[in-house]
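Visitor: Sequence:
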Amino acid sequence: VRIVLNGSYQSYLKQGFVLENEQEIMGFGQTLSEQYASFLQYDKLWSISQGEEITVAVIDSGVTAIATAFSERVLPGYDFVNNQPGGIDESGHGTAVASLIAGEGRIKGVAPAAQILPLKVLDRHDQGSSLSLIRALYYAANLLPDLENPYKVDLVNISLGMGDYSPGVHEAIKKLNELGIAVVAAAGNSPGELAFPASLDEVLAVGAADLRDDGWTLSAYSGFGNGLDVLVPMSIALQDERGFKHIELEALGHSADAALVTGTSFAAPQVTGVLALLLAKGQNAETAVKTIKLASSDLFSPGYDAQSGYGLFDPWASMRAVTFTDIGFKGDFAVQVLDAESLQELRFTRAGLETFIALDAGQYLLKVWTDKNQDGLWNEASEGLAESLYSRVTDVELGKTTFINVSF
679 VRIVLNGSYQ SYLKQGFVLE NEQEIMGFGQ TLSEQYASFL QYDKLWSISQ GEEITVAVID
739 SGVTAIATAF SERVLPGYDF VNNQPGGIDE SGHGTAVASL IAGEGRIKGV APAAQILPLK
799 VLDRHDQGSS LSLIRALYYA ANLLPDLENP YKVDLVNISL GMGDYSPGVH EAIKKLNELG
859 IAVVAAAGNS PGELAFPASL DEVLAVGAAD LRDDGWTLSA YSGFGNGLDV LVPMSIALQD
919 ERGFKHIELE ALGHSADAAL VTGTSFAAPQ VTGVLALLLA KGQNAETAVK TIKLASSDLF
979 SPGYDAQSGY GLFDPWASMR AVTFTDIGFK GDFAVQVLDA ESLQELRFTR AGLETFIALD
1039 AGQYLLKVWT DKNQDGLWNE ASEGLAESLY SRVTDVELGK TTFINVSF
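For the sequence shown, the working numbering begins at 679 and goes up steadily by one.
Simulated from the structure, these hints should not be mistaken for laboratory data. Every residue gets a Cβ at the ideal spot worked out from N, C-alpha and C, and that includes glycine. A hint or two may mislead.
[Stated by the list, open to error] Here are the simulated DSS-like pairs of lysine-lysine, each with C-alpha atoms no more than 30 Å apart in a straight line:
| no. | residue 1 | residue 2 |
| --- | --- | --- |
| 1 | Lys968 | Lys830 |
| 2 | Lys1045 | Lys852 |
| 3 | Lys959 | Lys722 |
| 4 | Lys852 | Lys722 |
[Stated by the list, open to error] Quick list of the computed label-pair ranges, beta carbon to beta carbon:
| no. | residue 1 | residue 2 | range |
| --- | --- | --- | --- |
| 5 | Arg802 | Lys852 | 42 to 50 Å |
| 6 | Glu826 | Asn760 | 16 to 24 Å |
| 7 | Leu809 | Asp721 | 17 to 25 Å |
| 8 | Gly841 | Asn760 | 37 to 45 Å |
| 9 | Thr1072 | Lys968 | 19 to 27 Å |
| 10 | Glu731 | Ser1020 | 35 to 43 Å |
| 11 | Gly960 | Gly981 | 42 to 50 Å |
| 12 | Tyr982 | Gly893 | 18 to 26 Å |
| 13 | Gly764 | Asp842 | 27 to 35 Å |
| 14 | Asn904 | Ala1039 | 39 to 47 Å |
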């Protein structure tokens, strides 16, 4: 078995998003969506998972489904602005967000096989009320006493925010977490502060980053602060020997044409899309959220910090952390990672021919176990049902990858 320990997975990605419900989506003729998807390695993920049988509630301005490439996978939603079924997208914001999650064709979303449940809480001016948001959250979990949701929701995307704390919104999000429904929210467009509800511990908060010749930077518009989890690459502008290269993100605009978009509103749905891919591979919501965080690469300083959270969002590393435990698995060994000082167990995972483990820089006790009677009871090692094949204290260095080969 080969074990790959990564202390700050160094990716070549970069881009930045801003959360802004007043963000105008402008249409342009040239599409860069394929370049962008390739740069972030989404095209690699689609051969492993496309988000099959996963339903994402998009709480936004509605979704214009008829004219979009993913109309067959947009479920009948609800309009909490006008309190009626459906919900026409009058601003284009929600359609753009949904297309990044599950679009097909020219604008291919991160999870092109996922279903979208549009829940409208914003009007044509991208304004709404906290009461509409609360009702939409409870509807997503099918907890409204006066309105049934016939669809099982797996994830919720919130590309909107407010300046003040709302106990009602917080309580609703807690309920979703208790039911195993992950909530992703955009960090906002006010630098130096984190929008609500992205600021909640129960929410995966997504900001934006940009790549320039001098390296990665926090996008000028991106909100940040304690509670920020990851930064999504948004804008890439590089100069090389072949000239200037500029890659930006496209989504479906109000008229269902391709449009360049920016803002953390359009960072969050990419993380939501990758979560859908992980859920489709069998991870539960809590584990998938942890995977997203741990697979991110440090950006400004080692470990967590308020400006970049856990670091730069890395879709491919997130998928590797899930799938490499399955590839070539023979059912007879597992990898255990413990803190070298406290001996607290940090990871225990069945191992494949290659196992990828993303760790913070530090010192770890690494053990590889074989299941002697092949019954899968890895926790019975002390009773002789498992045998240690390998045990060594290993240093994981910042920005370096350690490869360990174990033969038996």
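Visitor: Between lysine 1045 and lysine 852, is the straight-line Cα distance small enough, at 30 Å or below?
Guide: violated (36 Å)
Visitor: Mind checking the alpha carbons of lysine 959 and lysine 722 for me, to see if they're no more than 30 Å apart?
Guide: holds (15 Å)
Visitor: Is the distance from the Cβ of leucine 809 to the Cβ of aspartate 721 consistent with 17 to 25 Å?
Guide: violated (41 Å)
Visitor: The hint says 16 to 24 Å between glutamate 826 and asparagine 760; measuring C-beta to C-beta, is that right?
Guide: holds (18 Å)
Visitor: Decide if the proposed pair is consistent with the structure: lysine 968 and lysine 830, CA atoms, cutoff 30 Å inclusive.
Guide: holds (22 Å)
Visitor: Measuring from beta carbon to beta carbon, are glycine 960 and glycine 981 in 42 to 50 Å?
Guide: violated (29 Å)
Visitor: Range hint 18 to 26 Å: satisfied by the CB atoms of tyrosine 982 and glycine 893?
Guide: holds (20 Å)
Visitor: Within 42 to 50 Å: is that where the Cβ-Cβ distance between arginine 802 and lysine 852 falls?
Guide: violated (31 Å)
Visitor: Are threonine 1072 and lysine 968 spaced within 19 to 27 Å by their CB atoms?
Guide: Given a distance of about 21 Å, which is inside 19 to 27 Å, the answer is holds.
Visitor: Given the hint of 39 to 47 Å, is the C-beta distance from asparagine 904 to alanine 1039 inside that range or not?
Guide: violated (21 Å)
Visitor: Starting from the range 35 to 43 Å, see whether the pair glutamate 731 and serine 1020 falls in it by beta-carbon distance.
Guide: With a Cβ separation near 40 Å, glutamate 731 and serine 1020 satisfy 35 to 43 Å, so the hint holds.
Visitor: Using the Cβ atoms, figure out if glycine 841 sits within 37 to 45 Å of asparagine 760.
Guide: violated (25 Å)
Hint compliance for this structure: hints 2, 4, 5, 7, 8, 11 and 14 are broken, all remaining hints hold.
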